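Number of protein chains: 4
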Amino acid sequence: MGELKRKEYEELVEPLRRELSHAARWIAETGQRLVILFEGRDTAGKGGSIDMFASTLNPRQCHVVALPAPTERERGQWYFQRYIPHLPARGEISLFDRSWYNRAVVEPVMGFCTPEQTSSFLRAVPEFERDLVEDGIFLFKYWLCCDQDKQEARFKARLANPTRRWKLSPVDIEARSRYQAYTDARERMLEATHSPWAPWSLVDFNDQRLGRLTLLRDLLDRLPDRELPLPTIDWPPLDHEPLREEYRTLRPIAPYAAGP
Amino acid sequence: MGELKRKEYEELVEPLRRELSHAARWIAETGQRLVILFEGRDTAGKGGSIDMFASTLNPRQCHVVALPAPTERERGQWYFQRYIPHLPARGEISLFDRSWYNRAVVEPVMGFCTPEQTSSFLRAVPEFERDLVEDGIFLFKYWLCCDQDKQEARFKARLANPTRRWKLSPVDIEARSRYQAYTDARERMLEATHSPWAPWSLVDFNDQRLGRLTLLRDLLDRLPDRELPLPTIDWPPLDHEPLREEYRTLRPIAPYAAGP
Amino acid sequence: MGELKRKEYEELVEPLRRELSHAARWIAETGQRLVILFEGRDTAGKGGSIDMFASTLNPRQCHVVALPAPTERERGQWYFQRYIPHLPARGEISLFDRSWYNRAVVEPVMGFCTPEQTSSFLRAVPEFERDLVEDGIFLFKYWLCCDQDKQEARFKARLANPTRRWKLSPVDIEARSRYQAYTDARERMLEATHSPWAPWSLVDFNDQRLGRLTLLRDLLDRLPDRELPLPTIDWPPLDHEPLREEYRTLRPIAPYAAGP
Amino acid sequence: MGELKRKEYEELVEPLRRELSHAARWIAETGQRLVILFEGRDTAGKGGSIDMFASTLNPRQCHVVALPAPTERERGQWYFQRYIPHLPARGEISLFDRSWYNRAVVEPVMGFCTPEQTSSFLRAVPEFERDLVEDGIFLFKYWLCCDQDKQEARFKARLANPTRRWKLSPVDIEARSRYQAYTDARERMLEATHSPWAPWSLVDFNDQRLGRLTLLRDLLDRLPDRELPLPTIDWPPLDHEPLREEYRTLRPIAPYAAGP
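Chains as they are written, first to last, in this note's numbering: chain A, 13 to 272; chain B, 13 to 272; chain C, 13 to 272; chain D, 13 to 272.
Looking at chain A on its own, in the form it has when it is part of the complex:
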């Protein structure tokens, strides 16, 4: 069975996007808070999944959180401290492009933290997440999976495509030779942090389009019933002919014309 074609994907995703819109309206109107963590192997498809959400939702409601490396001062704080200001307020959605789970997988595999720091993180995280869930936050944790042949093919595509080159970081290159170590670290993380109140969902992203549909469908199924009638909006006709732009100070720049 081959991968999902773009056209087919677009037909399938459209009704899901519509459901997502409804869910977002329910979140806004009833003051819910939603956190989605996107974790997984490099190239698995975190970015594309986040785009699927972000391009559907109101940027004033839905924030993508992609933190840079911690500063020296942040390194000396409670590990969760720099993430917490980005948790959603009432009615908001936070999409974490990587998250506190850096300390469970990338950092130990790459040697960016000590084994003790990882162990201590793995002990602390279930309680931390319980605090959030008990406070009423909806917390979903997705791990995106792919086999190494897919990963290699996607790395090569990035290497070849200048607009994708920024996706190829030195860490990625190093990650190629540590595929198995990532697997092992992930399994250890799952054992320690797959809790009843904040379970993990693994999603197969060997086919990225199918993976996105799977992830979104899963999310929608796990949110509570959330149908709200669309408000009717009174829409009187204009009481004059539509107006046109008038330029008194500056005129628009010349429209783009493709080369000769």
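Worth flagging that the hints you see were computed from the coordinates, not collected in a lab. Be aware that a few hints might be false.
[As the list claims (entries may be wrong)] Partial chain B-side listing against chain D, Cβ under 7 angstroms, derived:
| no. | residue |
| --- | --- |
| 1 | Arg85 |
| 2 | Gly88 |
| 3 | Gln89 |
| 4 | Trp90 |
| 5 | Ala101 |
| 6 | Asp143 |
Treat the numbers as computed from the prediction; the structure is a model and nothing was measured. Just so you know, even glycine gets a beta-carbon here, dropped at the ideal spot from N, CA and C.
Given chain A, work out where chains B, C and D should sit, using these hints.
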């Protein structure tokens, strides 16, 4: 002449995206700072233009700034104060989805500020922008234009489409009857703030795809020469067969299956 | 037995301040983090106690956290969220002038939160504090007590003294008639949150100077042994006569001269 | 003429504190914003001056801003960017313990910035301050002066006193041999930044207590007339005997008892 078709647009935008990627790499490697303000009429196409940038660029380099309404405390601060923390650091790009220019157009047209506040803003903004530009920030200000018949058609499309409904705010609805007031406020703003160091560019977004191409081409032309050779990356073959995912704790959830 | 005289207090506090300085140096040099919560009845003496610390310690190491009322957006966040950015980084000390315990006493007594919010807070706080303590933060919680006759006398002094008037808020005035409700709320709080990892200390502030000494002595006794030799600093004599200020642009303003 | 004695100082400062309280109330009630920059030589007396303000004023109104060294990311931002979030909101007072003027004196004298950075700062600062003043902020800039013999004596006192040792930084020690360079840098700064809208005041702090009185008197004289009647507060007697603390869960810890 009809509007640009999607396929045609995609062919035309691809080389521009590539140039944008190069420019972003130049910004990162030479430590530049880039600010782009997206202003314009409702429905003109700010969101789609920002997506064109955001989906091409590294989210750790390029931040979309879409601030909520100011808090009571913020309302009592220097007007620019809440925008300034979002200015880019070295190597970064900030895309402002609306900006300090709220005070020049939306706020006075909608009665959210006093005429004195707008006048005082219009006097202050050229100096403020000069401070930024003299500090070395690249500042581009785009105003997206469209005629009212286009605006009406787009409003109606939002009204009909549940996934676009969030784009239809009460302010938008009110804006329908104030098309001319927007024009007048914009003209006053241009007179006061189209400065040699921070000029405005108006872009015709009656055809949104063409507008995006026009805007991006203009931006690229106005950035300094920025060709940097792509770094060569050493890419040895794997020294083993590609590995596969192994699941010892949890298995991936069932893939999405459409229909009954 | 009368209250401690100022001169007597100053003699007694001096050696404690010295110990506190040593402790602060130990905190800085070994990268500890110290949090002290100051809670208690109005007029008990929180401000004076905090000043005792703040005037001894380096303001770049020791931060006083006195948060304003939450914004509307903050009210819709995880209750602890707005406090967490103020937790200390490595080597730092945070003094909380009131804290998350607002929700246990002042808010319910004054009707600023629902009984459910207080109950939910009281259930959540031990786990939250455990997270901090397990991360290695030193957390001390002091509750300052005083009888109502003292409170009345101090309120009256504030009423009479214009420089103290700001200390007399509408909440204070209301608090007069709710002395017993404060007691009851405090007792409930102690039952719920006096945990082995984050115990409360009540300190009698009927005599404020004695209270400050008691609090500081207690804190010092509960910090681990922390003697570090003072670094020797090489201090060569100046190789020239001491210089004098020279004024070439502006001269100092005229010194203060009292009365006519 | 000798230095002001403590008792004498306390008698003189008391009425000034009272005036300061009135001014602070005027600021709060009329929604003014006040910024005071404290700059000057090491040991001149910035800390003590700030304490004089901070111990008189409501910490929820009056914030001391003592920023740590900039992070790497902050170093790549607009130079003023990290200071701006600390500007006061309506009704607030910000006391800057050192300020953006670091770049004019300490940094160039100590070699922490390039000569070009200082020159560029000196060119930019008058416009930046004009932006603030035109926005209605009251901005006062004090430079505290002292001769080198006083500085030497104070350094030695810090060296001898463990509770003052933190005030003796490596930069201070280095500063001893650069007294004249500080003078020269200050003079250059005054020439460039003593503007009509944001003038400097130099204050002689060879006698620190007198210096504090001078500074405070000057500030009070330059604020607009600000007498507001103290609100009368209704103060009914308690309708019961004053209550006493009751301890049902924990008892207060034993009061401090000095040595054996």
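Hint by hint, here is what the structure shows:
1. Interface hint at arginine 85 of chain B: satisfied, since its Cβ lies 5 angstroms from the closest Cβ of chain D, which is below the 7 angstroms cut-off.
2. Among the interface hints, the one on glycine 88 of chain B holds; its C-beta lies about 3 angstroms from the nearest C-beta in chain D, closer than the 7 angstroms criterion.
3. Nearest Cβ of chain D to the Cβ of glutamine 89 of chain B: about 5 angstroms, under the 7 angstroms cut. The hint holds.
4. The criterion of a C-beta within 7 angstroms of any C-beta in chain D is met by tryptophan 90 of chain B, whose closest approach is roughly 5 angstroms, and the hint holds.
5. The interface hint given for alanine 101 of chain B is met, as the beta carbon of that residue sits about 4 angstroms from the closest beta carbon of chain D, less than 7 angstroms.
6. Interface restraint check for aspartate 143 of chain B: the shortest CB-CB distance to chain D comes to about 6 angstroms, inside 7 angstroms, so the restraint holds.
Of the hints listed earlier, there is not a single one the structure fails to meet.
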